[in-house]
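Chains as they are written, first to last, in the working numbering: chain A, 1 to 457; chain B, 1 to 625.
Honestly, I wouldn't trust all of these hints.
[Unchecked claim] Distance condition first, Cα-Cα at most 20 angstroms in a straight line; then the derived PhoX-like pairs of lysine-lysine:
no., chain 1, residue 1, chain 2, residue 2
1, B, 47, B, 220
2, B, 114, A, 311
3, B, 47, B, 37
4, B, 202, B, 220
5, A, 447, A, 77
6, B, 114, B, 202
7, A, 334, B, 37
8, B, 112, B, 102
9, A, 311, B, 109
10, B, 8, A, 379
11, B, 220, A, 334
12, B, 64, B, 229
13, A, 330, B, 35
14, B, 136, B, 152
15, B, 220, A, 330
16, B, 91, B, 109
17, B, 47, B, 114
18, B, 91, B, 136
19, A, 447, A, 379
20, B, 37, A, 330
21, B, 486, B, 558
22, B, 229, B, 47
23, A, 311, B, 112
24, B, 220, B, 37
25, A, 453, A, 379
26, B, 486, B, 229
27, B, 478, B, 64
If you're looking for bench data, these hints aren't it; they were derived computationally from the structure.
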Amino acid sequence: MRNQNDSSFADLDWSMVIIYFLLVGLGITNIYSSVYDPEHPALFDQITQHGKQITWLGISLFLGITIMFLETSFIKKYAYWFYWVTIVLLVAVLFTPPVNGARAWFGIGAFGIQPAEFAKIGVALALAKYLSTTDHLRSRGLQIKFSLLPGITFTRMPLPALLMLIIPALLILAQPDAGTFIIFTSFILVLYREGYAGNILLFLIIAVIIAVITLVVADSSFMIPGLKIKLSGKTGIVLSLVTLSIIFYFLIRSVVLPRNRPPLYRALIGSLIVAVIFVNFIEIGYSKILMSHQKERIDLVLGKIDDPDGKGYNINRAKAAIGSGGFFGKGYMKATLANENQGHVPMQSTDFIFCTWSEEWGFIGSFSLVLIYTFLLIKMIVIAERQRSDFTRIFAYCVTGIFFYHFMINVGMAIGLAPVIGIPLPFFSYGGSSMMSFSILYFILLKLDAERKVVLQ
Amino acid sequence: MKNMDNRKYVIALMVLLVSLIFTVRLFYMQVIDDKWKDRAAEISENKVITQPARGVVYDRNNEKLISNVVYYDLRVVPNQARNIDSVSLVKLLDISMEEYVKKMNAARKYSKRKPSDLVTQIPPDEFSLIAPELYKYPGVFEIERTLRVYPKKCGAHVLGYMNEVNANDIEKNNYYKSGDFIGRMGIERYYEEVLRGQRGVKYYLQNAIGVETERYENGKYDTLAVQGKSITLGLDWELQAYGERLMQNKLGCVVAIEPSSGEILAMVSSPAYDPNLLVGRRLGENYSILEKDTLLPLFNRAASATYPPGSTFKLIMALVALQEGVITPESSFPCNKGLVGCHNHPTAGSVSDAVKMSCNPYFYAITKRIIHQGKSPNGFKDAAIGQDIWHDYVESFGIGTDLHVDFPGLSRGFVPNTAFYNDLYNQFGWQFETIYSNSIGQGEVLVTSIEMANVVAIIANRGYYYYPHFIREIEGQKAPEIYHQKNYTKVDSQWFAPIVDGMWRVVHEPNGTGSRARLDSIAVCGKTGTAENFKRINGVNHQMTDHSIFSAFAPMDKPQIAIYVYLENSGFGGTWAAPLASLMIEKYITGEISDTTKENRILNANLIPDASDILPPKQPKKRNR
Ligand SMILES: [Zn+2]
Numbered sequence: 001m002r003n004q005n006d007s008s009f010a011d012l013d014w015s016m017v018i019i020y021f022l023l024v025g026l027g028i029t030n031i032y033s034s035v036y037d038p039e040h041p042a043l044f045d046q047i048t049q050h051g052k053q054i055t056w057l058g059i060s061l062f063l064g065i066t067i068m069f070l071e072t073s074f075i076k077k078y079a080y081w082f083y084w085v086t087i088v089l090l091v092a093v094l095f096t097p098p099v100n101g102a103r104a105w106f107g108i109g110a111f112g113i114q115p116a117e118f119a120k121i122g123v124a125l126a127l128a129k130y131l132s133t134t135d136h137l138r139s140r141g142l143q144i145k146f147s148l149l150p151g152i153t154f155t156r157m158p159l160p161a162l163l164m165l166i167i168p169a170l171l172i173l174a175q176p177d178a179g180t181f182i183i184f185t186s187f188i189l190v191l192y193r194e195g196y197a198g199n200i201l202l203f204l205i206i207a208v209i210i211a212v213i214t215l216v217v218a219d220s221s222f223m224i225p226g227l228k229i230k231l232s233g234k235t236g237i238v239l240s241l242v243t244l245s246i247i248f249y250f251l252i253r254s255v256v257l258p259r260n261r262p263p264l265y266r267a268l269i270g271s272l273i274v275a276v277i278f279v280n281f282i283e284i285g286y287s288k289i290l291m292s293h294q295k296e297r298i299d300l301v302l303g304k305i306d307d308p309d310g311k312g313y314n315i316n317r318a319k320a321a322i323g324s325g326g327f328f329g330k331g332y333m334k335a336t337l338a339n340e341n342q343g344h345v346p347m348q349s350t351d352f353i354f355c356t357w358s359e360e361w362g363f364i365g366s367f368s369l370v371l372i373y374t375f376l377l378i379k380m381i382v383i384a385e386r387q388r389s390d391f392t393r394i395f396a397y398c399v400t401g402i403f404f405y406h407f408m409i410n411v412g413m414a415i416g417l418a419p420v421i422g423i424p425l426p427f428f429s430y431g432g433s434s435m436m437s438f439s440i441l442y443f444i445l446l447k448l449d450a451e452r453k454v455v456l457q
Numbered sequence: 001m002k003n004m005d006n007r008k009y010v011i012a013l014m015v016l017l018v019s020l021i022f023t024v025r026l027f028y029m030q031v032i033d034d035k036w037k038d039r040a041a042e043i044s045e046n047k048v049i050t051q052p053a054r055g056v057v058y059d060r061n062n063e064k065l066i067s068n069v070v071y072y073d074l075r076v077v078p079n080q081a082r083n084i085d086s087v088s089l090v091k092l093l094d095i096s097m098e099e100y101v102k103k104m105n106a107a108r109k110y111s112k113r114k115p116s117d118l119v120t121q122i123p124p125d126e127f128s129l130i131a132p133e134l135y136k137y138p139g140v141f142e143i144e145r146t147l148r149v150y151p152k153k154c155g156a157h158v159l160g161y162m163n164e165v166n167a168n169d170i171e172k173n174n175y176y177k178s179g180d181f182i183g184r185m186g187i188e189r190y191y192e193e194v195l196r197g198q199r200g201v202k203y204y205l206q207n208a209i210g211v212e213t214e215r216y217e218n219g220k221y222d223t224l225a226v227q228g229k230s231i232t233l234g235l236d237w238e239l240q241a242y243g244e245r246l247m248q249n250k251l252g253c254v255v256a257i258e259p260s261s262g263e264i265l266a267m268v269s270s271p272a273y274d275p276n277l278l279v280g281r282r283l284g285e286n287y288s289i290l291e292k293d294t295l296l297p298l299f300n301r302a303a304s305a306t307y308p309p310g311s312t313f314k315l316i317m318a319l320v321a322l323q324e325g326v327i328t329p330e331s332s333f334p335c336n337k338g339l340v341g342c343h344n345h346p347t348a349g350s351v352s353d354a355v356k357m358s359c360n361p362y363f364y365a366i367t368k369r370i371i372h373q374g375k376s377p378n379g380f381k382d383a384a385i386g387q388d389i390w391h392d393y394v395e396s397f398g399i400g401t402d403l404h405v406d407f408p409g410l411s412r413g414f415v416p417n418t419a420f421y422n423d424l425y426n427q428f429g430w431q432f433e434t435i436y437s438n439s440i441g442q443g444e445v446l447v448t449s450i451e452m453a454n455v456v457a458i459i460a461n462r463g464y465y466y467y468p469h470f471i472r473e474i475e476g477q478k479a480p481e482i483y484h485q486k487n488y489t490k491v492d493s494q495w496f497a498p499i500v501d502g503m504w505r506v507v508h509e510p511n512g513t514g515s516r517a518r519l520d521s522i523a524v525c526g527k528t529g530t531a532e533n534f535k536r537i538n539g540v541n542h543q544m545t546d547h548s549i550f551s552a553f554a555p556m557d558k559p560q561i562a563i564y565v566y567l568e569n570s571g572f573g574g575t576w577a578a579p580l581a582s583l584m585i586e587k588y589i590t591g592e593i594s595d596t597t598k599e600n601r602i603l604n605a606n607l608i609p610d611a612s613d614i615l616p617p618k619q620p621k622k623r624n625r
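Okay, chain A solo, but in the shape it has when bound (with noise of 0.2 angstroms):
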């Protein structure tokens, strides 16, 4: 190990440390408490599953260490190595024996290890490797150019950076595991931060919305106020995005010079059009090309049909736990939904974690961690964002893509506001590979922060 006069553990940023062992420390706490089971009641049992989990923060915390001690030039220089061996293993799992009907697990004993969750960790070293080398700058002949109409250009991307993203993300869809496949569009943030990919997340967005309001009114129709014309509900959208744009039309009239307007009007005039489109290829998808169940099952998250024991069983059940927590919870070990042994809420100890701890800490608790995850979220922008090196910035951007998502997608699902996709809360779900998956990712960002400015020394 080479002597640098120790300066990385002096630039460590010890709030991120505190936060750390805080998350791992509420999480083991709520796992015994998820799982508890009178014959195992020792904390590190490790038959029980909080036993298993302080295992894999032992395991975890002696990676971190490793990671804080190795040389910063050498996590770069091995970015892409890294990169390579994480498709390797997502190919070689493939021709695994499945596991409840997924090809996902590296079985070791009783332990299994996940690829894609180290997968996360080859992408995002690989990403801010490529973006932050002159690479992508010589390679500007292979960015593609999305443009929908001449004269607006929809988003510029970097093809070996996509491609980079996709294979994986492919890889991971074919054993399949479509809830670590869709953390995989949370780098589409990074590439947003470093310029790329324009417009591409407010066009989402929007897109989203509209998507949303067109299914929610699809089979429905209203009468108008007054008249008494019945209109159906896709003539309703059209209708209000016609509305909208007459808005926008003598905004623009009122505010922007004449010689700046033309633009503006053709991308109006573009985007109502692209959004009556894209409202009746929602709908006529909806309605005519999704079969009966797939449609159940838009239905259940948009709240159109209720079917609390069948198809929406996990869900309805998760809300129930969560809020009969009230304000003040039921107390530590009091949960009766989300308890293994009730066993009302499924997958209680990993995915759905979240409803024990706001049942059992009310919405004092739930409050509480919604907090400690936004303060870490931004924590992590900061930190981002006092890079002087483009790798670490771009490093921690990746990383905070992935926590963001992870917390939105998991706390989502389980109060109903997204569909369900089985993603852990970073270190609160019990989960070995995602326990280590996170605390790499966790400490290779707080080892590159600490020599921040030793970097360019």
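Please build the complex by placing chain B with the ligand on the supplied structure of chain A, with the hints as guidance.
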């Protein structure tokens, strides 16, 4: 490349926005909206109900009239019963395949993981054959339930029966939940709340497959079941059973009262049925058979039928006339068959004679004196005054009034007053000659058998009565106070002696009308009655065979029993009702029957008229008063 630094704010804003949405949503779900708390309770809590044992009913000699017996319900959990041999199960349970398939489909529809009823109310003897085979059918198991049993197999009309509550019961009383049983008719119904007790509730936490795991909040909200109270009736089951035996193959009823307490000793309505028929899974089937029977076995003639009292009513006429001073005990009236028909007999020289010979013209004459007392020179106005005097006297004997009997579905008799006849014939459009039939217990006056039994008890007591009642004790506590108070008629005690004398002579003197009621060891006082009755067929009134009636009490001094026997369409009162009454009296007082010839004559008599002759009992009717 443009400066992309502002994009960090967009990303930070996205994070904050998501957190804000989550916070608002969590606050709404956990603090504002109670929907999820209710849902959580529905999912995780289970209410286990303990039904208390229903109170046992005893007779006056502490013999069990109603008690409880364990029956079995077979239940099925569809998911566990997927591979059972349905053909052999159907055979074992003695049900049809269609019924089995129907039940299983309903069970699956309700829940695949929770149990549903397969066959309910299997009596213990049948279950003992099923139980050893049950292990072959996983997912099918039994639960116990208690049902009523009527060990004496008699008194169905008195005791009533139980069946499942209907929507109406649940609406009327929120204690009842679907599937509960409730007392119908009789004592089971009247003392429902006493016998029922109070169910207990225990709250448990249940897991996802519906298994109870622990007490909810350590039982903070649990309530204990309160046992139903046992009650003791004044009924004498042996007398009741004997009465039902004697009344076999006869239509009508018998009511016996202990005059010194007002306790009802027996209440027989015939045809009767075994109360155990209306228990268990054959209840519905048996009920509909009984319901379709043209002899109306489910109809309680003793409590609900109103009949013309016939000559037994004359006793009241004599008492009223004496009290009003319109006659003396020695008054004599000729047997003038021009006024009203009579049989051949010596002239009645006193009230006692008249009772003994039941002379119709005599009672015509004395009732005329009650109605026409000369209080107005106008005969019509005089009758209007007199009729109300008469009416008030008759009502003071309890007829047509609320006798506070602890029994549901009681009818009341009818005593016409002036207003009633004014409605019928216009004001001052009638006088005694118009309504004279009342004097011999025909005409508009109607009675119930309980009322008339009570009238006999009044005579036995020489002027007062206790409200007739079944209850004797409620778990060691005395019957309510209302049953311990004496109620006096408007006739003074002194006027009863000649009537009692006449009633003794009815039974004991050679040309008395009720000599078949005579007993060697007991002084029976009685009065025969024979009521004409008509049946309307195609708009024409056809006269039917008379009802045979007998009122009696015994012994003459210190009476122990007052009895009223009413046999529909059986002829002269002295022929059938009188001996039947005497058998009941002897049975009650001595416990045995001395004259088996008399007993066999009654037991073997079939007095049920041909189907075309049957006069349905008068159902209670609303009348203007
Ligand atoms: Zn005569």
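These are the hints, each one checked on the structure:
no.: 1; hint: B:47 <-> B:220; verdict: 13 angstroms, holds
no.: 2; hint: B:114 <-> A:311; verdict: 19 angstroms, holds
no.: 3; hint: B:47 <-> B:37; verdict: 16 angstroms, holds
no.: 4; hint: B:202 <-> B:220; verdict: 9 angstroms, holds
no.: 5; hint: A:447 <-> A:77; verdict: 15 angstroms, holds
no.: 6; hint: B:114 <-> B:202; verdict: 19 angstroms, holds
no.: 7; hint: A:334 <-> B:37; verdict: 15 angstroms, holds
no.: 8; hint: B:112 <-> B:102; verdict: 15 angstroms, holds
no.: 9; hint: A:311 <-> B:109; verdict: 16 angstroms, holds
no.: 10; hint: B:8 <-> A:379; verdict: 12 angstroms, holds
no.: 11; hint: B:220 <-> A:334; verdict: 16 angstroms, holds
no.: 12; hint: B:64 <-> B:229; verdict: 14 angstroms, holds
no.: 13; hint: A:330 <-> B:35; verdict: 17 angstroms, holds
no.: 14; hint: B:136 <-> B:152; verdict: 38 angstroms, violated
no.: 15; hint: B:220 <-> A:330; verdict: 16 angstroms, holds
no.: 16; hint: B:91 <-> B:109; verdict: 24 angstroms, violated
no.: 17; hint: B:47 <-> B:114; verdict: 14 angstroms, holds
no.: 18; hint: B:91 <-> B:136; verdict: 13 angstroms, holds
no.: 19; hint: A:447 <-> A:379; verdict: 15 angstroms, holds
no.: 20; hint: B:37 <-> A:330; verdict: 12 angstroms, holds
no.: 21; hint: B:486 <-> B:558; verdict: 16 angstroms, holds
no.: 22; hint: B:229 <-> B:47; verdict: 25 angstroms, violated
no.: 23; hint: A:311 <-> B:112; verdict: 15 angstroms, holds
no.: 24; hint: B:220 <-> B:37; verdict: 18 angstroms, holds
no.: 25; hint: A:453 <-> A:379; verdict: 18 angstroms, holds
no.: 26; hint: B:486 <-> B:229; verdict: 28 angstroms, violated
no.: 27; hint: B:478 <-> B:64; verdict: 18 angstroms, holds
Consistency with the previously given hints fails for numbers 14, 16, 22, 26, ordered from lowest to highest.
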